[in-house]
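*Asks:* Chain by chain, the residues:
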Amino acid sequence: MGKQVEIHSPAPSFELLDFNGAPVKLSDYRGEKHVILVFNRGFV
Amino acid sequence: MAQLRQDYEKFTELGAEIIAVGPENARTFSNYWNKNNLPFIGLPDPEHTVLKLYGQQIKLFKLGRMPAQVVIDKFGIARYVHYGQDMSDIPKNEEILALLEELSSPTNLAVAGNIDNYQGIYLDRKLKLEEL
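Chains A and B, in that order, give the protein sequences. For what it's worth, the working numbering labels the leading residue of the first sequence as 14, then goes sequentially. For what it's worth, the working numbering labels the leading residue of the second sequence as 151, then goes sequentially.
Mixed in with the good hints, there may be bad ones.
Listed below are the simulated DSS-like cross-link pairs for lysine-lysine, each with C-alpha atoms no more than 27 Å apart in a straight line [claimed, not checked]:
#1 A:K16 - B:K209
#2 A:K38 - B:K224
#3 B:K224 - A:K16
#4 B:K160 - B:K224
#5 B:K242 - B:K202
#6 B:K160 - B:K242
#7 B:K160 - B:K185
#8 A:K46 - B:K242
#9 A:K16 - B:K202
#10 A:K16 - A:K38
#11 A:K38 - B:K160
Read the hints as simulated data drawn from the structure, not as lab findings.
Start from the sequences and build out the full structure, keeping to the hints where you can.
*Replies:* Structural data, given as C-alpha cells:
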C-alpha cells in the first residue's frame, strides 16, 4: 500500500503510456495545465 | 467517468486536463473509452505503479478500490486531495471547478509560490463551503 498524497505538497511524478500508446508524463504539464488525476474503482 | 465527461469543457476552460488511472489493461481502457465516448486521457496501470505511488486504497471487505481524486496545479503541487471512504464517495464537479477557478484567480497566482499563504486561502475556502 502506497503512502497517500498530502495536500500542498509536491505530487509524485510518473510516466506511463496511455491506452493509445502515447507517453503521459506528469512533469509535461508543469507550467502548462492543472491536472485532475482520477482513480476509480474500475470499469467492470 | 460520465460525471467528469459532463463538465469536461468547463474543466479544460479552467486550464485543467483530466487523467483517469486504472488497473485495467490498454485494451479494456480502449473499449471502455470508445463505448462511453470519453474525451479525457485514460492511463492503464496494470502494474499498479501510479496507483501505489498515490496510495489508492483497496478495501477487501468492500470488494475493491476506493475512488480518489488529486488536483495538481501547474507548479506540480497537490491542491486538492480526496481519498474516498466508499465507492460512492466522489466529490461533485462543482467542488473541483471552484478550486480550479481559485487556482486561476490573480490573488492565487500572486501567492502560489508561498505554500503558507496558499494554505490560508484553502482553509478559508473550506470554511466557506461548510457554511453553505
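*Asks:* With the threshold set at 27 Å, check whether the alpha-carbon distance from K160 of chain B to K224 of chain B stays at or below it.
*Replies:* Within the cut-off at roughly 17 Å; holds.
*Asks:* What's the verdict on K46 of chain A and K242 of chain B, does the C-alpha distance respect the 27 Å limit or exceed it?
*Replies:* At roughly 21 Å apart (the allowed maximum being 27 Å), K242 of chain B and K46 of chain A satisfy the hint.
*Asks:* For the pair supplied as a hint, K160 of chain B and K185 of chain B, is the alpha-carbon distance within the 27 Å limit?
*Replies:* holds (22 Å)
*Asks:* Take a quick look at whether K16 of chain A and K209 of chain B sit within 27 Å of each other, Cα to Cα.
*Replies:* holds (15 Å)
*Asks:* Within a Cα-Cα threshold of 27 Å, do K160 of chain B and K242 of chain B meet the stated pairing?
*Replies:* With Cα atoms ~13 Å apart, K160 of chain B and K242 of chain B stay inside 27 Å; holds.
*Asks:* So if I understand the rule, the pair passes when the alpha-carbon distance is 27 Å or less; does K16 of chain A with K202 of chain B pass?
*Replies:* holds (8 Å)
*Asks:* With a cut-off of 27 Å on the C-alpha distance, tell me whether K242 of chain B and K202 of chain B pass.
*Replies:* Distance of about 24 Å is within 27 Å: holds.
*Asks:* Between K38 of chain A and K160 of chain B, does the CA-CA distance stay at or below 27 Å?
*Replies:* Within the cut-off at roughly 23 Å; holds.
*Asks:* Run the distance test for K16 of chain A versus K38 of chain A: straight-line Cα separation, threshold 27 Å.
*Replies:* Measuring from Cα to Cα gives roughly 20 Å; hence the hint holds.
*Asks:* For the pair supplied as a hint, K38 of chain A and K224 of chain B, is the alpha-carbon distance within the 27 Å limit?
*Replies:* holds (13 Å)
*Asks:* Are K224 of chain B and K16 of chain A close enough, with their CA atoms no more than 27 Å apart?
*Replies:* Holds, because 22 Å separates the two Cα atoms, which is no more than 27 Å.
Going down the numbered hints, you'll see the structure goes against none, and every one checks out.
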